[in-house]
Amino acid sequence: MNSGRLPLENSSRDGEYCRNQVRSIGILMVLGLILVTAVLLSLWAGSYETPINELLRGVAGKASNPKINVVVRNVRLPRICTAVVAGAGLGVVGCVLQAILDNPLASASTLGVSQGASFGAAFAIIGLNAGASHSGGILISMAAFAGSMGVAFVILGLSRLSQISPESIVLAGVAISSMFTGATTLLQYFADEVELTTLTFWTFGDLGSTTYGQIGFMFLVVLFTSIYFIFHRWDFNALLAGTETAASLGIHVRRLILANMVLCCLAASTIVSYVGLINFIGLVAPHIVRRLVGNNHIYLIPGAILAGASLLLLG
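Read in the numbering used here, the sequence shown has 84 at position 67, and its numbers run on one by one without any break.
Since the hints were derived computationally from the structure, they do not count as laboratory data.
Keep in mind that the hints are not guaranteed to be accurate.
[As the list claims (entries may be wrong)] Just the calculated beta-carbon pair ranges, DEER-fashion:
#1 LEU145 <-> TRP251: 18 to 24 Å
#2 LEU178 <-> SER226: 38 to 44 Å
#3 VAL53 <-> HIS269: 34 to 40 Å
#4 ARG36 <-> THR228: 22 to 28 Å
#5 THR214 <-> LEU173: 32 to 38 Å
#6 PHE207 <-> PHE170: 54 to 60 Å
#7 ILE315 <-> ASP119: 17 to 23 Å
#8 ILE155 <-> CYS35: 47 to 53 Å
Where a beta carbon is used, it is the ideal one built from N, C-alpha and C, also for glycine.
Model the full assembly from the supplied sequences, consistent with the hints where possible.
Rendered as structure tokens:
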């Protein structure tokens, strides 16, 4: 009789898996629709009221009114693109950090990675006078990456201690964040008016000052890291069962964690160097999607990308 039950149990499980798969794909489609709606609303909203069809023509620079072309292409569209790219990057970084550190409270902001990147960028502007040079953008990005990697190695070192809990890692991240925030504030004391204005914009986060070239660079970094993360989605699922189980499945756990931490820092530091500090997107977006699709990173990673972009665009 037991042998007769097995096919029924297997078919029931297969049916449940297919239903969950269809449901998760449907949720991703809804998240994509929300993002498209948010883009259209952001394009339409503003003091300069214009019909949506004229705005869409303005994206291509073919609106009947030249002022619409200027408003859309020089003001609204760069802000929308920046919000989508930065939000998507922060969302996927938060999702991956929570997976590799096995910590639901992990994100670039709560662990201090963003604050370390901000300090590195501030040091490049004030200490290295990067804002006045033609290669300043590259130097600022490199300094931001170095600052975020310094924090990442501290967090990785703490996460390997068996005695420390996930909550303690987050508390350590908060302490590191406060330390780098204080150091950035100290740098402001030595800044001139122009440098101080730039750092102040960073403190609050600014989506409206990026150029199309900077947006393109951010997009390439976020695209590359997201593809890498999606490629390793099964490895993240294996980590859910524990590092020993993942290792028994042939996954080089230490190499996986280190490589993904480096890429998380690369994405976070690039976003911070151009946009400034934007907190909690990387923490909230993965949890929203996790409540909808579960812990399967096949759907969780794309969902975090879509949710992060929508949250920052609507925020």
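Consistency of the hints with the structure:
Range check, LEU145 to TRP251: Cβ separation about 42 Å, and the 18 to 24 Å hint is violated. Remark: the range hint 38 to 44 Å for LEU178 to SER226 is upheld by a beta-carbon distance near 41 Å. Hint check: VAL53 to HIS269, Cβ distance near 39 Å, so the stated range 34 to 40 Å holds. Against the hinted window of 22 to 28 Å, the Cβ-Cβ separation of ARG36 and THR228 comes to about 46 Å, which falls outside the hint.
Between THR214 and LEU173 the beta carbon distance is about 35 Å. The supplied range of 32 to 38 Å therefore holds. One distance hint, 54 to 60 Å for the beta-carbon pair PHE207 and PHE170, is violated here, with the actual separation near 27 Å. For the pair ILE315 and ASP119, the supplied restraint of 17 to 23 Å holds, since their beta-carbon distance comes to about 19 Å. For the pair ILE155 and CYS35, the supplied restraint of 47 to 53 Å holds, since their beta-carbon distance comes to about 49 Å.
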